[in-house]
Amino acid sequence: MSGLSIGILVDSPLKQQYLGNMVVQAGHKIGFAWSLSASSVLPGIQQNVDAWVVDVNEPDDGDETNSQKMALSAFIDNLLEQTSVPVIVNDAAELTQSSADYNNWVRRMLQRLERLSGDINLQASGGASEVWVLGASTGGPAAVKDFLKQLPPELNVAFVYVQHIDSGQAETLVKMMSSAGRYSVSIARQGSVLSDNTITLVTADRSVSIHDNGTLVVGKNPWGGCYSPSIDQVTANVARVYRQRSGIIIFSGMGDDGAASCRLIKQQGGKVWVQSPEQSTISSMPEAAIATGTVSFTGTPPELADALARLKSPRSIKQYS
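-16 is the number of the first residue of the sequence shown in this note's numbering; add one for each residue after it.
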C-alpha cells in the first residue's frame, strides 16, 4: 500500500508545520490541513482522507479565542463519533522548547504514523493464523516453485518467502510463484499485513521487520550482516511474534543463513523442516540447519508440501499437482 492521505486539524501554524513534516517523513501525503488561526470557519467532517491527526489545546479561561476553541473541541468530539477512519489525537503539551521532549515527541508520532498503514490494512484483512518462513538461496526458486505446486489451497497459513536474489528480479520471482500455486504473492511493503493464504516476498533492497500485530515495517536502510535479505533476521521476528504458530522450511542454498534462527523457532515451539540435502542444488543451507539439531522433517519440495497439508488438514489425503 502506498502512502496514506492524512488530514491535519490544529490550532496553530507551528503545529501544522511540525505535523505536516512528520506526515511526509513517515511516507504519507497531506490530504487536508486546517488551522484555527487561519480560519474561524470549521471544516466539514467528510474529507477524503485515510486518517486524521488532531492537535488542539483545551480552551482556557480568558483566552480571546476561547469560543473558537470550544467550538473546535465540539467539532473534534463530533469527528471522533462520526468518522470511519483512524484519528490520532496528539498531546500538545509535548511540544515544548526542551530538545529532549521534542525529540521524544517526534519519535512517538513517527512511530504512530508509520504504523497507520498496517493498522488500516489489518482491519481490512485480518491477521495470520500461522506463519511459515520459506528460506532459500541458489537453486531455491525451482524448489519453492515445486513446493507451491504441490501445496493445496486454503491451509490458513501465511508464508514469508526470503530468497537470496537481486532485488531487480523480484517481480519476475512474484510472477513465477504466482503461476506455480494457489496463493496470492506480493512483495513486502510498508504496512503490509501477514494474512492467511498469502505469500509475502522479502526483497534484498531494504530491511523488513514485523510488528507484534503482524504488520510489516520496511526500513530505510539496507540489510545488515552477510546476507541480503537475511533469513535469520526475518525468522527471528516471526519466532518472536508468532511463537508456536511459526515454522520455517530451509530450501536449497549456499551458506548458513537461517540456521541460527532455526533454534529460535524451535525454542518457541514452532517447526523446523528442510529440503533433503541430497536433493538440493546446493546443500549448504539445509545441512547447516540440520546441524543445529532442531530439524524434525526432511524431504523433497513435494514431500514437504504434503507434510504441511497433513499437518494442517490431517484428514485430507488428496494429492495436488
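Honestly, the hints are just simulated from the structure, not real lab data.
Just so you know, not all the hints are guaranteed correct.
To be verified - Calculated cross-link-like contacts (lysine-lysine; reagent style BS3-like; alpha-carbon spacing at most 30 Å):
1. 158 x 132
2. 203 x 158
3. 203 x 295
4. 158 x 128
5. 132 x 203
6. 12 x 132
7. 295 x 128
8. 295 x 254
9. 128 x 12
10. 249 x 132
11. 158 x 295
12. 12 x 249
13. 12 x 254
14. 254 x 158
Hints, verified against the model:
Between residue 158 and residue 132 the CA atoms are separated by roughly 14 Å; this keeps the pair inside 30 Å, and the hint holds. With a C-alpha separation of about 26 Å, the suggested pairing of residue 203 with residue 158 holds against the 30 Å cut-off. The hinted pair formed by residue 203 and residue 295 fails the criterion: a straight-line CA distance of about 36 Å is larger than 30 Å. Proposed proximity of residue 158 and residue 128 is supported: the alpha carbons are some 11 Å apart, at most 30 Å.
For the given pair, residue 132 sits about 34 Å from residue 203 by alpha-carbon distance, which is inconsistent with the 30 Å threshold. Restraint check: the Cα-Cα separation between residue 12 and residue 132 comes to about 40 Å, which exceeds 30 Å; the hinted pair is violated. With a CA separation close to 20 Å, the supplied pair residue 295 and residue 128 stays within the 30 Å bound. Simply put, residue 295 and residue 254 have alpha-carbon atoms about 13 Å apart, close enough for the 30 Å limit, and the pair holds.
For the proposed pair residue 128 and residue 12, the alpha carbon gap of about 38 Å is over 30 Å, so the pair is violated. In summary, the hint linking residue 249 to residue 132 is supported, as the alpha carbons are separated by about 27 Å, within the 30 Å threshold. A threshold of 30 Å between alpha carbons decides the hint, and for residue 158 with residue 295 the separation of about 26 Å falls inside it, so the pair holds. Our distance criterion of 30 Å between C-alpha atoms is broken by residue 12 and residue 249, whose separation comes to about 42 Å.
Proposed proximity of residue 12 and residue 254 is contradicted: the alpha carbons are some 42 Å apart, above 30 Å. Taking the CA atoms of residue 254 and residue 158, the gap is about 28 Å. The hint holds against a cut of 30 Å.
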